[in-house]
Amino acid sequence: KAGVTQTPRYLIKTRGQQVTLSCSPISGHRSVSWYQQTPGQGLQFLFEYFSETQRNKGNFPGRFSGRQFSNSRSEMNVSTLELGDSALYLCASSPLAGANTGELFFGEGSRLTVL
Amino acid sequence: AQRVTQPEKLLSVFKGAPVELKCNYSYSGSPELFWYVQYSRQRLQLLLRHISRESIKGFTADLNKGETSFHLKKPFAQEEDSAMYYCALSGAGANSKLTFGKGITLSVRP
Chain R
1300 KAGVTQTPRY LIKTRGQQVT LSCSPISGHR SVSWYQQTPG QGLQFLFEYF
1350 SETQRNKGNF PGRFSGRQFS NSRSEMNVST LELGDSALYL CASSPLAGAN
1400 TGELFFGEGS RLTVL
Chain E
264 AQRVTQPEKL LSVFKGAPVE LKCNYSYSGS PELFWYVQYS RQRLQLLLRH
314 ISRESIKGFT ADLNKGETSF HLKKPFAQEE DSAMYYCALS GAGANSKLTF
364 GKGITLSVRP
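In the order they appear, the protein sequences are chains R and E. Numbering-wise (the numbering used here), the first sequence opens with residue 1300 and increments by one. Numbering-wise (the numbering used here), the second sequence opens with residue 264 and increments by one.
Calculated from the structure, these hints are not laboratory results. None of the values given here were measured: they were computed from a predicted structure. Warning: the hint list may mix true and false statements.
In the DSS-like style, the derived pairs of lysine-lysine whose C-alpha atoms are separated by at most 27 Å in a straight line are [as the list claims (entries may be wrong)]:
no.: 1; chain 1: E; residue 1: Lys336; chain 2: E; residue 2: Lys365
no.: 2; chain 1: E; residue 1: Lys320; chain 2: E; residue 2: Lys336
no.: 3; chain 1: R; residue 1: Lys1356; chain 2: E; residue 2: Lys365
no.: 4; chain 1: R; residue 1: Lys1300; chain 2: E; residue 2: Lys320
no.: 5; chain 1: E; residue 1: Lys328; chain 2: E; residue 2: Lys278
no.: 6; chain 1: E; residue 1: Lys272; chain 2: E; residue 2: Lys285
Footprint (simulated), chain R over chain E, 3 or more residues, beta carbon under 8 Å [what the hints assert, rightly or not]:
no.: 7; stretch: 300 to 308
no.: 8; stretch: 361 to 373
Just so you know, even glycine gets a beta-carbon here, dropped at the ideal spot from N, CA and C.
Can you make the complete structure from the sequences, with help from the hints?
Right under this line is the structure:
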């Protein structure tokens, strides 16, 4: 069974640009969550999608958005990039909604560098 | 609000020594507690969760609601245990997201 796949793995952007990251969950998993990992703040929850609906959102500005498609694939978008958005963005999938329902399966992440 | 505290950043022990990775949490309801692990050049993965009450790779963790702790223990460390360990908490409903501690690096020396 293929794991969670994230693309691109690495990307470099400049301030003010926007970026779209993609996540393909494990087959059959309907929940996709996104986390931001930085050296200073650690792992922080961005949002969770289940059956194409955002069911939970973390404390991030509106520049961070996401969506989920009918095949459960998810994208997240960051607009008007700032230097502080440089981070590893992790996607995680699970069969059921909510992190309390069981194991989250993580991807390898997309490393974003903002110059 | 939910919060997870891992007070130490690094623990270095010799092979065969006991290991205890500390985790304290703050949450007003009934939390689900997890330990996730990241080995070198691998993705983050679940080690164990308190509700399953299992021992995984010799590790155990007991939820102590009185002390709001969920420490991870192993009686005899192995070199392959060297990794980054994260304690995480999830609530229910609108709080059913993982809140992670800052993580601790465990280094097991031969």
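Consistency of the hints with the structure:
| no. | hint | in the structure |
| --- | --- | --- |
| 1 | Lys336(E) - Lys365(E) | 18 Å, holds |
| 2 | Lys320(E) - Lys336(E) | 11 Å, holds |
| 3 | Lys1356(R) - Lys365(E) | 20 Å, holds |
| 4 | Lys1300(R) - Lys320(E) | 23 Å, holds |
| 5 | Lys328(E) - Lys278(E) | 31 Å, violated |
| 6 | Lys272(E) - Lys285(E) | 10 Å, holds |
| 7 | 300 to 308 | holds (count 3) |
| 8 | 361 to 373 | holds (count 6) |
Checked against the numbered hints given earlier, this structure breaks only hint 5.
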